[in-house]
Structures are given as structure tokens and as C-alpha cells.
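With the hints as your guide, set chain B onto chain A.
Residue numbers (my numbering), protein chains in the order written: chain A, 1 to 1151; chain B, 1 to 301.
Do not take every clue at face value.
Simulated crosslink set (SDA-like; lysine to any residue; CA at most 20 Å straight-line) [what the hints assert, rightly or not]:
1. A:1080 x B:112
2. B:206 x A:259
3. A:261 x B:225
4. B:72 x A:417
5. B:114 x A:417
Here are some chain B residues the structure puts well away from chain A; computed CB gaps all over 12 Å [as the list claims (entries may be wrong)]:
6. 59
7. 127
8. 209
9. 221
10. 245
11. 275
12. 279
13. 293
With the C-beta cut set under 7 Å, the calculated list includes, among others, these residues of chain A facing chain B [unchecked claim]:
14. 85
15. 91
16. 149
17. 254
18. 258
19. 274
20. 283
21. 284
22. 419
23. 422
24. 1032
25. 1033
26. 1074
Just so you know, these hints were derived from the structure itself, not from any lab. Glycine included, C-beta positions come from ideal geometry on N, C-alpha and C.
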Amino acid sequence: MSKLSLSRREFLKMAGMSPLLALTPGLANLGEKRPPTQVQVLNAKRVPTICTFCAVGCGIIATVADGKVVDTEGDPYNPLNEGTLCPKGRSSMQLINSPRRLTTPLIRTNPKKGFEEDPGWRRITWGEALDTIGDWMKPAVDAEIARLKGMNMMSKNASKVDEVYRFDGHEFPVGCIGSAVYNNEEAYLNRKLWTILGSNNIDHCARKCHASTVAALANTFGFGAMTNHFLDMQYAKVIIHQGGNPASAHPVAYRWLRMAKDNGAKVIVIDPRFSHSATQADIYGRVRVGTDAAVFNGITKYAIDNNRHNVDFLVENTNAPLLLNTSVYNHVLYTVESTANTDYLGNENLFKGVKVHAVLTKAGQIKPWPEVPPEDRQLLAQTTGPGGENLQTVYRVLTSVLDNYTSEEVSRITGLSVSKFEEIADTYTSTKPGTVTYAMGLTQHTCGAQLLRALCLMQLTLGNMGVPGGGVNAIRGQNNVQGATDMLVLCHLLPGYIAIPSSDVQVRGYQAWKNAGRPTDLSRTMKPIVDFTWNGVDYVAGEEYDNIWYMDTGTTRTNGGWRRYEKAWGVFIGTWPTSDPENSAVISDIPYNVGHPIIDADRAFGHGKFKVYFEIGDNGVVTDGGAASVYMEFSEAPGKMVVADIWDTETAHLADLVLPMASVYEKNGSVSNSPRWVQYRWKTSDPPGDSKSDLSLFMKMYKMWRQRGILRLPSELYMDDHPEEDFPVDPMGRKCMEYITGDEIWGFNGTLKGQAGRPCPDLNWEWYAEPDIENMKASDQVYAEMDDAVGLYDGQYRAGHVGYKSSVHAYDDGRGEMLAKRRSNTLRDGIDKEYSMMKNWAWCWPKNQRILYNKDDCGENDTMNPVTFKTVDNKPWGAPSGARSNGWPYWRQGSTFWWGKERTGMARIWAQDIASAGKDTTAAYNGWTGDKPDVPGDNFTGRKLMGPEGKPVIGIPEHFEPMEYPNTELAKDYPCYGWLYTNRDSEYEGNDKLWDWDKVGSPEEGYNVVWGSFRLTEHFHTFTRNMTLLNEAQPEYFIEINPGHAAELGVDSGDYVRIESKRGWVIAKVRATNRVGKLKINNVDYWEIMTPFHFGPKGLAKGSIANFVSIGAVDPHAKIPETKACMCKVMKATDDEIAAIKEKGYHQGVY
Amino acid sequence: MTEKMSRKEFLKAAGASLMVAPLALEGLEKGQRSPVQELGKQKGVVVDVRRCIGCKACQVACKAWNKLPAEKTEITTDGEYTNPTYFSGITWKIVHFKEIGDYDNEVDGTGGLKWRMLSDNCKHCIEPSCVSVCPSGALWKRSDGPVLYDVDRCIGCGYCTMACPWGVPHFDDEIHAIRKCTMCYDRIDQGLEPACVSVCPTDALKFMTLEEAKKTATEAEASGLYTYGLDEVGGTSWIYISDIPFHEFGLPEYTSVTQKGYETDLLVKFAGAGLFVGGALLAAIRLYVERRESIAKEGGD
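For reference, chain A alone in the conformation it holds in the complex:
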């Protein structure tokens, strides 16, 4: 059609193209041959949602015309991003509308698995898919029950006391890797479903991401979460970005960091690579991967040497002034009984009669700490104890460990020059408040937990904790990894961070606690409240100090948590009959024992332990450290893998069954970002084709499992086995073990008001309104349930009925309110206004407290608790106020619950042992021996790590070399922490260990290029390579290599190289840049290369899988893989390799 013959009307129709058109004559004609969506958008809706990518949690407004999302822009009302977005969030409509979205379930017809194999997908219906899953699961579950019966469990026994009905969560043959992308409600249901199935074999990518953060931070501060928040960063006066690149991975966070710079803050970037964040740096230092603990310890030492440490803070808020009893092997903090009637402030001594930790006074006495004013406490001291034992303060031990980390030693280890290190240390320690942001560069190491402890100690020593502009800002990755973590889609805890039962004794004790009336006494004398003897051993169900949110409920942590599940899930934990816990049958509908964490789970699946393995929104074959072995495990596993995802990913390619899922934009629900804000997203459009929400998937699976007898509770099995016994009966005539009545009923959401108890789990699942699964109602019902079942999320829902009884809910206004839905930017008077806490926007845990460990923030929470937190003065923490009476929000001392021992609510400079439950690291205390096979006869004594009496000083963190290190001499001084792990053998048959020594390369074998990985701004994990606008910006896989190094290899930008480790190899295009380069380690020069990890054989933009080179060795505490540090060889690619990558778009292999 000739342009000249366009009518004026048609001309206008083609003009402009954007949603907010008001078409007026005289506008430009910019040309638009594509369908005129602007005509549709005149009727468009604007729906607020939250971005699906990173954990900043930016608000997005989707413009929806005729049910289709035509644009996704920043939400101007969301205070996190104020209408701005990064390129990924901005191009979300490409994810929503992509023709490459999965739309039907698929089943494999080609039994051979591999990237070069065509799975031969056959389209099936959801019904067929669920039937198939049932066919696979039923025999596996039946076999497991038979196995337990063979061990005298799950069966009737003549002697009641020997009857045990419970699953083994570690052995259950069905595993699941859940997602960090789905909503909180779905995460919660995923965990709930697996738990009541009988399996603790459920984990998700938080394990390979911030598991070491949780281990380190929880054991130091109390919570394992990011302490401050993004808007708060503008108040920092000095910022360190280390092991993280927020400008690329969390670009909108840089809005607030940039604001800090505008306010005069200095930015320091410590990174192997000059990253996008370094463009904003005042100081940049190139550091070797995995050596950050040395940097932190060095800075801490520098602070103390220059008298810049915050003595008041250390005395008031940490265990620094406490005495260590070093003659006991596990270095117990010295305790004495507190006898005074008043504390040093003259207030009633709440610790009278209780053993508390002792401090050394200036006069050289040993006294209970509540009785000693701070000025009389000694920070540097050792003395002789009452029994003649040698006693040192924690602080003394800290300084003796830090002594090693001189500037020269830091330089020798890290590659920073002495002058560069001192420039950094001087700037950082002389400016307050200072904050540190970090991510995978610090967490993904075999020494991750220790490394992060070093960071925590630095911040405590400088007094940067609990203050606006300070904190340890562990920035999480995925949009709902925090939520999935809180819901414990993890193998070692239950939702809200509640312990998993591990012994019959615990269950019996729990029944005793229930029988005693579920005592909620919040006496600060910490008296034991239930004494219980079992098998001749005395146990004490002690009252314990808990996290802040539990202060007013008065329930003990674990017991309270289990009770919540009983009420919300319709399960039973206890003994039958209930009256005699000592002699009755033990029944637990919660399976015992920690399950398999993610890397281990992949191996378990690979070796046939899991008969069915679900991967929900996870792409392990690309993103796992040591992905080369994951590829083998997934390709050769005898069991069946079910992948649920929105795209056909690399992992989906290796699955037996693929389920098409809705993206978060097609669902409503709550989502928790990195600083714990629980926001709400509204559904923008329907999921494409036959794809479904995860909520729908879990509902359908529950139903199918019940119908086919796959899911049977141990309590149900018990009742079936004992028809002769009398059980309570619910109004529907169903037998149950406990009929919960009275004030324990939670009639949340009004739906089941009046329906007492939860005797049967079906009731739970049925009341998620099935027809409304894809719409608002079902998800919101789960939200309300989470509010009750998950202690940590208590207070995220304000119940609306008058007279509703609960100690934690507001009940004044007759309105049901989901606090996550709040969209107010109004700041409250006081600390909110002063520090932009946004307390009226959405909700935050715990109890809407935005800055953790800040007294004033504690006091201004939303839930109108009976106990309000008072502060003496209104200053942010950091200024000692001495408040000891009502309202002191004590920190938890750590995650290990010690029966009968006391808590003092202090941050732990000395953290005894951050091993997770059950791990035996006794060998560590008896001196280390190096047993790395290829260096026989050497004894790595780690001389630097020895404390008094020749015992390793674990309680204070040190630097540990990565599993693959560049310099053997240095590694002898700082042996790899992974070598400590006495249980190095995995439990599988054959020679398989958690890492194979065969697959660990040494410098003597020529692996002498330092390898590291990083994130691109334009891509998010493996999520975005079907989105053309992002592919345009970053089209191909590459490595960054120094031009000098490239010249040595005979390559330049645009050429190809081969990178190989002992585990695998990849071919990559070269980007020569000075932003990576040489490191001088122990006086020897090493090259480093850095690579993005987003690419794989699938999608529109393909590339080699970087992680085929990386190593999967894990941190013994946190089980996080050492994805971020290994050694490699680099060489020019051969012509054949170049031809292969040019043809396929990727080329990688496994050794």
C-alpha cells in the first residue's frame, strides 16, 4: 500500500505505539507496521507485581490489555525502585509472552539422556502426568514402609513402649529440589507436602547460595539474614563491595548506594575483577578468589592496632569480655552463678540464681556479667580461675588470632599490595557507619561459614551492627530465595527455622510439655520448667531465650513450632496414649532426621537412592558448583526425574517428565526479598497454554498421593494398626489422635470458624478453594495459614474477627488484612522518618523490624504485642544505653540448643563451633593431619591456626585455602577447611565421596590459572536466554582474560580458548580486558580468568556451561559448594573445537 494513499485516520492509527497514548493531530509518525496494540491499551489495566529476577524486589507495573501483558515498567510507588528497573525486569513482558514457554506436560520417549540426544518428548495431559508420577512413587514409598517395618518401626508391637511410627526423612526415596522463584505460599506448601509425605529430602538453591551466610550470621548474631536493607544503604558513610557486584546483580540496589555516594560516602570494591560496581569505587583492590577472610581479619587487626575498635560496643553487646575456659576441649565460656539482688544499674537482677557468663573485672575478679558495669570489664586479659585454670577473655583470644594478619601476610595470601590493603583498611576503619555488601564471592567456598564469620567480627569490632547505614548486607539472589528459605524448603529445618525431630526422646519430651499445659512462662530466670527422665538420663525442657518475635508468645522455640504444625497441618507428634509419654508408643507425623542437601541430593539421585526426584524451578546442571558431575548424575540416574519449569531448560532436557509452570507474573502471592520485606504480587495474566501455578501442582499432587495411598501419615498407620483402641472422632466421624479445641483453634480467614481442630490433613488441603487456585483466594488462604503455622511470619496477617484470640495478632479493627499488600509510602514519626524504613510499605520479618538488632526498630512494630519493647534512650544501637530491663531484645546466642544451659543474648565474637547439628568435628580439636593423597607423608599442621595448648582455635575464624589452591607452600600454612570434615566419605557405595580426590587438581599438575565466575547485568541465572532484548545486549558466552595473558596464549578478543579443570572443560570466546590480571600470591605471579556462568546448550542464546570447570566440594557446616574458587588450565582452542562451538553455539565436556 502506497504511503501516499494513507488516509489521515490510518496515518494516526499507525502513529505512536505506547500505552499511555492520547492521540492528537500533528504527532510524529514514527512508523509501526506491527499490530496496533495501542488501540487495545486504551482499555488496559495496570497491575502491580514484583519482579521475578533478583532479590531487590522491585515493583513492576504490568500494562494488561485484553488479558495480554503489553509492557512491564517500574512501579513508581514502590519505594525500593521508585519506577526504575534494570534491563531484566524491564523486559519481563518478553518472558511472559515468549513463544518458547512450556505449555503442556511432556514425557520422554528416548531413554538415552544427554545434551546431544533428543528426548523425543511426547505431549501428555496433566492427568496423565500425575498418574505417571503416582506410578513411579507408589512402589518406592511402599518399599520404604516395608523397610521401616523390617526395622521394627511402623508396626504393632506387643510392648507399647517399643512402638515407633515415623518416617526417616533422610532415607525417604523421593527427593525434591524446590525453587527460589515461586511465591511464599507455594514454598510453604512444597515443604509442608514433602514433610507430611515423610521426606526431609527437600532442598533448594539457597543451599548453594547463602547457606554459609546463615551458618555464620545466625551463629554470630542470632538470625542468618541480611541485617539492614536497600534504602538504608544511603546512610552508610563507607561501603565495601566484596565477593559481590551489586551494580550487575542487583542494579536497583545501586540507586541507594549511589545516593550514599551523593551524601559523601566512599565506596571500596575488593574483587578479583574490576566489575560494574568498581566503576563507582573510590578504591579498588584486586584480590584472589576465596581469600577474603584474610582481608577481614586484616582490617579488624588494623582497627585494633589503630585504636579504632568500638570498645563500648564490644563490651555491651558481644561476648568479647567473657572468659574462656580453655582447659575444656570445647572452650566453654566460663559461667558462674549470679547471686546479687540487683544488677549494676540497680534494677532487679533477672539472672539471680542462674548461671551466667563471667567477665574479668579491672580488679582481676571473676564476676557474673550482669553485675559488672562495663567500665569495670576488661577487654584484654588473662587470669587464673577459681580452680587454678588459665582463663583468657574472648577478646584476648581474638587479638592473638588476628596477630597473624599483618598487612604483609594479608598481601601474601590475597594478592593485594601492602599499600593497597592499608589504603582500604585505613579508609574503612576511620569512617562510620560502614556497611559491607556481598554475595556469592564470599559464600561459595569450602570455608564459607568461617570466612563470613570473619566479616561479622570485623563489623562487630567496629560497632557497625544494629545501626542505620551499617550492617552485614548479605544480598540474596533470587526474587524469593529468602521466602523459600524462611519456609525451609531445606533439608535441615522446618518452616520458620524449627528443628526436625531426631530422637524418640525429643518426641516424648514434647508430649510431656503438651501435657504440662504448654507452659509459656517467660520468666527471665530461665528456670527449667519441665524435668524429664528418660532411660536414666535427665533431660530438661528448658525455657529459652528466643528471637525477638518469640518474646511475647512465650512458647519455646522447637516445641512451639511443632505445636503450630499440629494445629495448622492436622498432624500429630507425641505419644499414644498421650497421658504417659515415658511408656507409650512414639508417633511423629514429622519425619525424623535431616535430609540430603542439594549437592548431596544430586548424588543420591545419581546413585539410585531417590527413585523419584523433582526439580522445581532449578537448573542444577548449569548452576551447581561441579556441574560436570551433576550432568553425569542426571544423565545416568536409574530413578525418574520430574522437572517443573517455565522453559525447556538444560535440566529439563535431561528429565523424564516435564511439567509446564506459570511464571510469577501469572500468579498472585507474597514474596520475600533479600532484606526480609514480604511484598505482594497481583496476577497480571493467565499462564500460557496448559501451564499451571506451583500451588496448583502441589494441590493436585496431594490429592493424587492421597487417592493412591502414597501419602499416609504415621498416625493414620497407627490408628489402622490398632482398631481395638479408642481415638477421638471429629465432627465428620474421622478418627484422630488429638481433637484440638478451645483457644487453640485458629479460625483464620473465617473459613473454618467453629470447626474445631485439624484432625485430618485433608481438611487443610480441601479448604484451599480449588476452583480459585489460579486466582486470588487459594493463595491468600495459604498466606493466612502461614501466619499461624510459621512463627517467623507471625504478624504478617492481621486477623479481622472481633474476639479472635491470639497473643500475637492485632484484633482491634474487624478487618482481615494481609500486611504484605500494604502500599503506603508514608513514613511514621521517629526512626522511620529519620532512616527511611518504610514501615508502612508491605511487611517485614521479624514483626516489621527493618534493621535487625536495632533496639528502636524493635520497639515500633506492627502487631501490638502485650509486651512492648521499651528503650531507655531513643538512639540507634551503637550508643551504649545500658538498658537491661523490660524490652531488651536479646539476640539469640546461636542455633544450637543446649539443654539446661543459659543464653545471654550477646553477639558471639567467639562462636564455639558452627557445625550444624550432628556433625562430629572432634578430630579438629585433636590437631589436624593432612591426608591429601597426592602429597603423601606431609603433615599439614596449620601452624597458624593453633591456639593455646596446641588446639585449633575454631571459635575465631581464620583464612583457609580453597580446595584447589595455586600455591602449595601457602596451602600448608592455611589448610583447606574441607579437609577437616571427618565424614568426607559420602554414604554411597563405591569410591564416591563428597568430593573425589581424583577430581581435585594441584598446582604440580599444571592447574595454575585462578578461575572465578561472575554475573552479567543483562542475564539472570539461566532464566533469560529466551528474551531477545537481553540476548541482544549479551549474546554469547565468553571469558575475561588479561591482554597479556591472551597474548601469551596467542589469542585476542573474538578468538576462542579452552579452559579445563580436572572435572570438565569448556570452549569460550575471549574478551581481553585489563579488568582481570595478575595476582602475586606468596611472591609468585598467577594469572586469573573470570567467566559468566549463565550460558548453556538450550535457549536462543546458547553457550558453554561454565560450571563444568568448577568444583563441587562443600563447606562441612553449610554444605555449600565451592563454586567460586578453583584452578584451571587455559589454552588456545583447536580448529575442531572452534568449528564445534561455531556450529552448535556451545562446546563443553566432562572428564
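Okay, now just chain B, sitting in the frame of chain A:
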């Protein structure tokens, strides 16, 4: 042998030249298409390169808002992250990356290494060269700043691409006309900011009046920073501030002298008028000659 020309045919023959002149006259009459505007009313954008974190949200937002498709790209041989690397009919915004220096452990600050990104698009010149040279008047500068265009009027001559100091306007094969950044006039008209400005997380791009923009840039220059757009080719609406010289991004040095666009424009209009007059004259001469010939044939005088 020529046939007698009908009236219709006459008009048709003269029609081609008719097309040009009225547009030119129309433009002058409306006043909107004059290249020189009152500064006070105009909008501008300040791009502070130092604030940019190279996220390319601006690049993506431009394509998202304007419904432009992605190009197929590949890693460039200079190793930089710039992608796409050229303006085209479907790429109106590109982000230039430039790394400068080498890292030295012993040097304070960033060790001598610098990496900067520049968000680049049509600069909406005060006196746009593209407007001046366009023979069909397809391009014009609106009174508040944006340099806009009408694809129907574009004849694809390519003069604007050549005349633009940065080669911004480009022919779009599908639309058969040049296309380029429009300063999101449609958003501005709704009280919004251009898509790239609105999306930028670090406020590296800031929307304001041209007067404020010039003031900001002048202050920056006084404090020792580099600027671009205060004087170049008579000044642009998009003004850049940087701590590295602009030639590092590939932006050429330009004097403040313009292409005398005003005069060129008039030249084009005179040419148009000239064509009309000339065309009419030729037609008249031809008619006369033919008439003379036919009279001669009929027997002549």
C-alpha cells in the same frame, strides 16, 4: 508525437512539484518546523557518565517502549560490552563501554583503571542538521525540543544519516523510512519522562528544562569535568558530563559552528519553490511549443 494533454494530465505532470512546495510552505506557516527555537521552553536531558553502572536498562526500555525488535549481535572484537554497536532503524539507544588504563596494585584509588559507560541516542540538537538537509521536510524540531519525523514523508535519500554528526537517523527497511529516538515525545506529553530516563536506577539520566541542563553542564565544566553538547554543533538538548574525554566513547570533536542549517533550509525551500516555478514554466513552454507545432501542423500561420 505528443497527444493533446488533457487538463488532468497537466495537473498530474505538475503534480510532482506540487507535492514539494506546499509542504515547505506549510512548514514555514506552522512555525513548528523552524530549526531555531526559543531556549526557555525547551526540554533537555543531562547524562552523567560517572553515575552510570552500565546496566543497559535504558537500551532495553527504549526498545520496550517503542516496540522495537532486538538485533542479532555478537561479541565485538574490541572486547567491550557495547551491544548493539550502531544506531539503526530499530536501535535508537546504545550504551558505549570504554575501559581506560591498566590496574596497578601500587597505585591508590582504583589503581589507574577506569571503566565508563555512555548512554547514547539522538541528541535533539538545537539546530538539527538532519532537519536542515531533509529535502522532503520529513524531519522537524518541535518547539519543546524533540526532533521528530514523519515516515510518510521520508523519501529514503539518506541525507540525514550523512548529515548527522553521529549518524543517528537510520533507514528501517521494513517501514521504508528513517527512524530514531523521539525523546519519547508521547511520554513527555503525558507528563512522564523519556523511557530511558525513567528506568535508570542511578539517575544517570535526568530530565529537566534545557536551561537547567545547560546550567548543570556549565557548572560541571567549571569544576573540571568534560562536557558534550553545550556548544557542539550549536548545542544539543542532551548534554553529557564525564570524567573521561568523549572521544574515548567514539564521539567526535565538533566545533560550535553549525551547518548553517537555517540557510540550507531556506535553500531547500527555495529549491522547492524553484522547482515549482521551473516546473510550471517548463509546462507552460511545452504547452506553448506544442500548441505552436500543432498550429503549424494544422496549416500554420
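Hints versus structure:
The straight-line distance between the Cα atoms of residue 1080 of chain A and residue 112 of chain B is roughly 18 Å, inside the 20 Å bound, and the hint therefore holds. About 14 Å separates the Cα atoms of residue 206 of chain B and residue 259 of chain A, which keeps this hinted pair within 20 Å; it holds. For the hint linking residue 261 of chain A to residue 225 of chain B, the alpha-carbon distance of about 18 Å falls within 20 Å, and the restraint holds. Straight-line distance between C-alpha atoms of residue 72 of chain B and residue 417 of chain A comes to about 43 Å, which puts the hinted pair past the 20 Å bound.
For the hint pairing residue 114 of chain B with residue 417 of chain A, the CA-to-CA distance comes to about 19 Å; that is within 20 Å, so the pair holds. With a cut of 12 Å on Cβ distances, residue 59 of chain B falls inside the contact zone with chain A, its closest approach being about 6 Å. In this structure residue 127 of chain B is separated from chain A by more than 12 Å, as the shortest Cβ-Cβ distance comes to about 19 Å. For residue 209 of chain B, the shortest C-beta to C-beta distance to chain A comes to about 21 Å, beyond the 12 Å cut-off, and the non-interface label holds.
Consistency note on residue 221 of chain B: stated as away from chain A, and its beta-carbon is indeed over 12 Å from all of that chain's, at 20 Å minimum. The claim that residue 245 of chain B lies off the interface holds: its Cβ sits roughly 17 Å from the closest Cβ of chain A, which is beyond the 12 Å cut-off. The claim that residue 275 of chain B is not at the interface with chain A holds, since no C-beta of that chain comes within 12 Å of its own (minimum 18 Å). At roughly 18 Å, the least C-beta separation between residue 279 of chain B and chain A is larger than 12 Å, which holds for a residue marked as non-interface.
For residue 293 of chain B, the requirement that its beta carbon stay farther than 12 Å from each beta carbon of chain A is met, with the minimum near 34 Å. At about 5 Å, the closest approach between the beta carbon of residue 85 of chain A and any beta carbon in chain B falls short of 7 Å, and the interface hint on this residue holds. With a cut of 7 Å, the hint placing residue 91 of chain A at the interface with chain B holds, because the nearest CB-to-CB distance is about 5 Å. For residue 149 of chain A, the interface hint is violated, since its Cβ never comes within 7 Å of a Cβ in chain B; the closest pair sits about 59 Å apart.
With a cut of 7 Å, the hint placing residue 254 of chain A at the interface with chain B holds, because the nearest CB-to-CB distance is about 5 Å. A distance limit of 7 Å between C-beta atoms decides the matter here; for residue 258 of chain A the minimum to chain B is near 4 Å, and the interface restraint holds. Because the closest C-beta pair between residue 274 of chain A and chain B is about 5 Å apart, less than 7 Å, the hint holds. The beta carbon of residue 283 of chain A is positioned within 7 Å of a beta carbon in chain B (closest approach about 6 Å), and the interface hint is therefore held.
With a least beta-carbon distance of about 4 Å to chain B, the hint placing residue 284 of chain A at the interface is held under the 7 Å criterion. A distance limit of 7 Å between C-beta atoms decides the matter here; for residue 419 of chain A the minimum to chain B is near 6 Å, and the interface restraint holds. Interface restraint check for residue 422 of chain A: the shortest CB-CB distance to chain B comes to about 10 Å, outside 7 Å, so the restraint is violated. Restraint check, residue 1032 of chain A versus chain B: the minimum CB separation of about 4 Å is within 7 Å; hint holds.
Proximity of residue 1033 of chain A to chain B holds as hinted, the smallest CB-CB distance being about 5 Å (cut-off 7 Å). Using the Cβ-Cβ criterion of 7 Å, the hint placing residue 1074 of chain A at the interface with chain B is satisfied: the shortest such distance is roughly 5 Å.
Checked against the numbered hints listed earlier, the structure breaks hints 4, 6, 16 and 23; every other hint is satisfied.
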